[in-house]
Structure formats: C-alpha cells, structure tokens
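A.B. asks: In this note's numbering, the protein residues as written are 1 to 281.
Among the hints, a few may not be true.
Cβ pair distances, simulated, as ranges [what the hints assert, rightly or not]: (1) 58 to 170: 35 to 45 angstroms; (2) 24 to 128: 18 to 28 angstroms; (3) 127 to 100: 19 to 29 angstroms; (4) 49 to 172: 12 to 22 angstroms; (5) 277 to 217: 32 to 42 angstroms; (6) 54 to 156: 16 to 26 angstroms; (7) 105 to 232: 45 to 55 angstroms; (8) 199 to 170: 39 to 49 angstroms; (9) 278 to 170: 22 to 32 angstroms; (10) 55 to 200: 39 to 49 angstroms; (11) 195 to 172: 38 to 48 angstroms; (12) 225 to 85: 37 to 47 angstroms; (13) 150 to 126: 21 to 31 angstroms; (14) 3 to 58: 47 to 57 angstroms.
With a straight-line Cα cutoff of 27 angstroms, these simulated DSS-like cross-link-like pairs (lysine-lysine) come out [stated by the list, open to error]: (15) 158 to 68; (16) 158 to 212; (17) 105 to 212; (18) 88 to 105; (19) 244 to 263; (20) 193 to 58; (21) 263 to 152; (22) 116 to 58; (23) 88 to 116; (24) 212 to 263; (25) 58 to 88; (26) 212 to 88.
By construction, these hints were calculated from the structure, which means they are not laboratory data. Where is the CB? At the ideal position from N, CA and C, for every residue including glycine.
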Amino acid sequence: MSEHIRFRLVGGQNPLILVPVCVDGRGPYQFILDTGASHCLLSQELSGTLGIQPEVEKQAMGAGGPVKLMFAQVSSMTVGSARQENVKVAITNEIQRIAAAIQSKVDGVLGFEFLKHFVLVIDYRDDAFSLSLASEYVSGNSTRSGTSISFKLASTSKPLILVPAVVDGQGPFLFALDTGASRTMLSIELARKLAIQTTDDSPVTGGGGQIKILAGKVSSLAVGGAAVRDHAIGAGEFLNMLSKAVGTELDGILGYNFLNRFKVTINYPHSRLELVPTVSP
Numbered sequence: 001m002s003e004h005i006r007f008r009l010v011g012g013q014n015p016l017i018l019v020p021v022c023v024d025g026r027g028p029y030q031f032i033l034d035t036g037a038s039h040c041l042l043s044q045e046l047s048g049t050l051g052i053q054p055e056v057e058k059q060a061m062g063a064g065g066p067v068k069l070m071f072a073q074v075s076s077m078t079v080g081s082a083r084q085e086n087v088k089v090a091i092t093n094e095i096q097r098i099a100a101a102i103q104s105k106v107d108g109v110l111g112f113e114f115l116k117h118f119v120l121v122i123d124y125r126d127d128a129f130s131l132s133l134a135s136e137y138v139s140g141n142s143t144r145s146g147t148s149i150s151f152k153l154a155s156t157s158k159p160l161i162l163v164p165a166v167v168d169g170q171g172p173f174l175f176a177l178d179t180g181a182s183r184t185m186l187s188i189e190l191a192r193k194l195a196i197q198t199t200d201d202s203p204v205t206g207g208g209g210q211i212k213i214l215a216g217k218v219s220s221l222a223v224g225g226a227a228v229r230d231h232a233i234g235a236g237e238f239l240n241m242l243s244k245a246v247g248t249e250l251d252g253i254l255g256y257n258f259l260n261r262f263k264v265t266i267n268y269p270h271s272r273l274e275l276v277p278t279v280s281p
C-alpha cells in the first residue's frame, strides 16, 4: 500500500502545492510539488541551515527570465517513506521571491530529479498525494471511469511532461503538465488561432521574474477522455521563451485549475498519465 501524505495549498488565487520533505535526515521542510521543475531546488536559507556547499554555478531560464542556480548534492531526500540518496540539487534565491509572492514560507521545490523514480498520485479532492516505486504500485482506478495515455518528456535536460490536448474541438496541441502552474496557459499564437477573447490580467510570479499574461476562457479542454468545460485560461508570450529553452514548441500548459478536477497519476518509470474525474466537467 502506498502512503498517503497530506499537502497544503497556498497562494490564494494562484495556488501551489506544498509538501513535507526531509533533507539529510532533517525537517520536514516545505517544498513546492512541481512537475515542471527539472531539478530539486533549495532556498539559500535552507542550504545555509544544512551546511550545504555549492559546487558549480550555472544560469538557467525560467518562465520570467534568467535564474542563477548553484548546484550541489545532498546525501538524502525523503518524502514520507519514499527516499532517494545522493540527490543533485540547485540552490537559488528565487525560492525567497516566490515565498514572498504567495505569502507563505517555502524551503524548496520537489522536481523531476526526485520524482522520476516514482509513481506520483495526486488526490486534489482529499489534499493528499502518494509516491510509490513502479514495482510496488497497484492502480485502484478503473480506466473505464478515467483516461490513461502515454506521455513523453521534452528532453533529458528539460524533462517536462508533454501530452496532446484538444481545445475547443481543435487539435491536438502539445501541452506541458505542470503542477507548479496555478492555471492553464496558452501560447499567444494558439489563443489567436482559436479566436479566444482575452483581457489584460495581473502579472503572475514565475522563475526569473513577473510574467505578463492575458485572461480568457475556452469552451472545452480535453486530454484523452478527460475533459472540462468553460475553462479559465491565461495566455502569454513567455511560452515562446519556454519553448526555446525546452527545444520543443509548446502550445500550452496544463495547470492547477485543470488538474484539480481529477485524481492525477503520473507513472514516471512507465511514462503513463492517468486522469480520473472527481468533479463533473
């Protein structure tokens, strides 16, 4: 049986999932659960507390601009009973800026470098998640009540989960599944192609800075047989920059306001995504 772990939603209108993570046997600390993050990130404050010394400094590209990362390695990371040893991490002051924006303490980000070893199940209705090894995972969901599709990763260096999505009956278009995004986003080009009416919206905080977005709504959005109607979306130029960084042209991002209507299973080892509805479309 996989262990169910409670999570907290923070950020108000722009919700993020915070999960308890132990690092080098200490904690738990509060980490953002982010399938859109390549690395596990630590705040500078936490790295100082743990005495972690950075080894290499690099610059990466976030949704809002360039981000400075200082890479290091921790002896272990543990989430519930799920544990990995000798995990590569990146230390950044972006964590402090995001924490200020959502008005909640954040110690780090739990990203692909840890998650890739597990089957991740997120139950938004119960504010709980679980991590299981693929060999130990037994699905309790019937595909007759949900949808199960394969996914691919954008690349080994930018391992975004990519899935086909149909918007307003057109497509499929290429979307990234991102638990670190608070809402579904479309590229400006796709929004124009679908003639979606948009209005200016407040900027949102992303890695590297503020992101200017437009707000709109689509009549329907579907991934396989998992569909929602009258779905609020954002649209932004930042997707062009993200596409260049990833090396794949992205049409959109599936965020919290789509994912929270389902029980979401991401089977990283077998590259399978399962979406079982928990609310009506």
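A.B. asks: Each hint: holds or not?
C.D. replies: Hint by hint, here is what the structure shows:
| no. | hint | verdict |
| --- | --- | --- |
| 1 | 58 to 170: 35 to 45 angstroms | holds, 39 angstroms |
| 2 | 24 to 128: 18 to 28 angstroms | holds, 25 angstroms |
| 3 | 127 to 100: 19 to 29 angstroms | holds, 24 angstroms |
| 4 | 49 to 172: 12 to 22 angstroms | violated, 45 angstroms |
| 5 | 277 to 217: 32 to 42 angstroms | violated, 20 angstroms |
| 6 | 54 to 156: 16 to 26 angstroms | holds, 23 angstroms |
| 7 | 105 to 232: 45 to 55 angstroms | violated, 28 angstroms |
| 8 | 199 to 170: 39 to 49 angstroms | violated, 22 angstroms |
| 9 | 278 to 170: 22 to 32 angstroms | holds, 26 angstroms |
| 10 | 55 to 200: 39 to 49 angstroms | holds, 43 angstroms |
| 11 | 195 to 172: 38 to 48 angstroms | violated, 18 angstroms |
| 12 | 225 to 85: 37 to 47 angstroms | holds, 39 angstroms |
| 13 | 150 to 126: 21 to 31 angstroms | holds, 26 angstroms |
| 14 | 3 to 58: 47 to 57 angstroms | violated, 34 angstroms |
| 15 | 158 to 68 | holds, 16 angstroms |
| 16 | 158 to 212 | holds, 23 angstroms |
| 17 | 105 to 212 | holds, 24 angstroms |
| 18 | 88 to 105 | holds, 23 angstroms |
| 19 | 244 to 263 | violated, 31 angstroms |
| 20 | 193 to 58 | violated, 37 angstroms |
| 21 | 263 to 152 | holds, 20 angstroms |
| 22 | 116 to 58 | holds, 22 angstroms |
| 23 | 88 to 116 | holds, 13 angstroms |
| 24 | 212 to 263 | violated, 30 angstroms |
| 25 | 58 to 88 | holds, 14 angstroms |
| 26 | 212 to 88 | violated, 32 angstroms |
The structure does not agree with the numbered hints 4, 5, 7, 8, 11, 14, 19, 20, 24 and 26 stated previously, though it agrees with the rest.
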